[in-house]
Amino acid sequence: EAGVVQSPRYKIIEKKQPVAFWCNPISGHNTLYWYRQNLGQGPELLIRYENEEAVDDSQLPKDRFSAERLKGVDSTLKIQPAELGDSAVYLCASSPWTSGGYNEQFFGPGTRLTVL
Amino acid sequence: QQQVKQSPQSLIVQKGGISIINCAYENTAFDYFPWYQQFPGKGPALLIAIRPDVSEKKEGRFTISFNKSAKQFSLHIMDSQPGDSATYFCAASSRGGGADGLTFGKGTHLIIQP
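Heads up: the sequence lines are chains A and B, in that order.
So in this note's numbering, the last spot in the first sequence is 957, and the numbers never skip.
So in this note's numbering, the last spot in the second sequence is 460, and the numbers never skip.
Incorrect hints may appear among the rest.
As the list claims (entries may be wrong) - Result set (EDC-like, lysine to aspartate or glutamate): computed pairs, CA atoms no more than 16 angstroms apart in a straight line: (1) A:K919 <-> A:E909; (2) A:K912 <-> A:E893; (3) B:K351 <-> A:E891; (4) A:K856 <-> A:D927; (5) B:K452 <-> A:E885; (6) B:K403 <-> B:E372.
Because the hints were derived from the structure by calculation, they are not lab data.
One chain only, chain B, in its complex shape (with noise of 0.2 angstroms):
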């Protein structure tokens, strides 16, 4: 059972553009959603993340939208640039979010083009 359902599977934007990828949950006992960031050869680093009490949360030019009514969680990143070209992982979890293990979408490898 996939728990955490990300789309889409790949995205290119022009320099410059919004580069959005769509996150769905099943289980509402999650309450950490964070985002990873992931380049070839390396483990995902922590992007941004939101707990469900806010709808949204912005960190320079990445911000979560957080629908908890839907399920749904998003990441949009403004002003996309090439070197964000990268995958991006959605994941949430349980009880508190950082001790419990995270559960991850299948990745979106996002292409960003000068």
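The shape of chain A in the complex, shown without the other chains (with noise of 0.2 angstroms):
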């Protein structure tokens, strides 16, 4: 079974530019999440989709992070202008979830941004 694909692996970009980060979450798994993962600390959750619908996106700063997941299938997470302290690694996680279930996030290898 192919795991979480997430692309491109490695993105390094000026400050004020655009920057954008794509996931392919684990085939039927409805729930996707997208993280990030500042140097030396664990992950942060920032938004939450179940198929198509963002069910948590109240740590997204939406003053300049956009994400959609159209057809409920793969995901893309932007930044536009990106700044100094965007710089991180991005992750995406998916999980077959089911009502009353624990169920696992797969995580994908994520995105290392860096913004100069």
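Got two chains here, each in a separate frame; can you build the complex from them with the hints?
Structure below.
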């Protein structure tokens, strides 16, 4: 079974430029998460999707970050414009969530963003 | 507000020894407590998880001990091996665990010396 796929793996941009990250979850997983992991820290949730609906985006900095999951499968996270403090690893995870279940979140390898 | 506090930040253990990592949480609504292992350049991978209705869960060399009244849980790695050298994160979530986003600790960098 293929895991969570993310691209690109690495991205270097100058501040104020836009950047986008792509995630393809494990087939059949209806819940998708975006996390940000700063150097030496644990991942922090940015947004959670149930199918195509964003059910928790309370931690997403909406002034510059946006996300979409139009057909309930793959997802894109965008930053525009990027700031120096956005340098981090952006992780995508998916889960085969079912009602009342305790389901593992499977993480992709992440995209390492460096803003210069 | 850091809802999951993890210690120690780094840990060095001799091969064959026991590695112990501790976490404490504040949110009493948390009802799912997983531990993740992360190698450099990789995403976190689930190691073992526990629900608060049990006090201990063991899978191979890995054991979670859970103390609901103290709001603490810990990971024990028995017979630690060099291949266990990685960063370990405790995490927690509420309302059924798998669906909600996870709140992670800051991580423990574990080194197993041969």
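Checked hints:
no. : hint              : in the structure
1   : A:K919 <-> A:E909 : 9 angstroms, holds
2   : A:K912 <-> A:E893 : 6 angstroms, holds
3   : B:K351 <-> A:E891 : 28 angstroms, violated
4   : A:K856 <-> A:D927 : 9 angstroms, holds
5   : B:K452 <-> A:E885 : 10 angstroms, holds
6   : B:K403 <-> B:E372 : 21 angstroms, violated
Comparing the model with each numbered hint stated earlier shows that hints 3, 6 do not hold.
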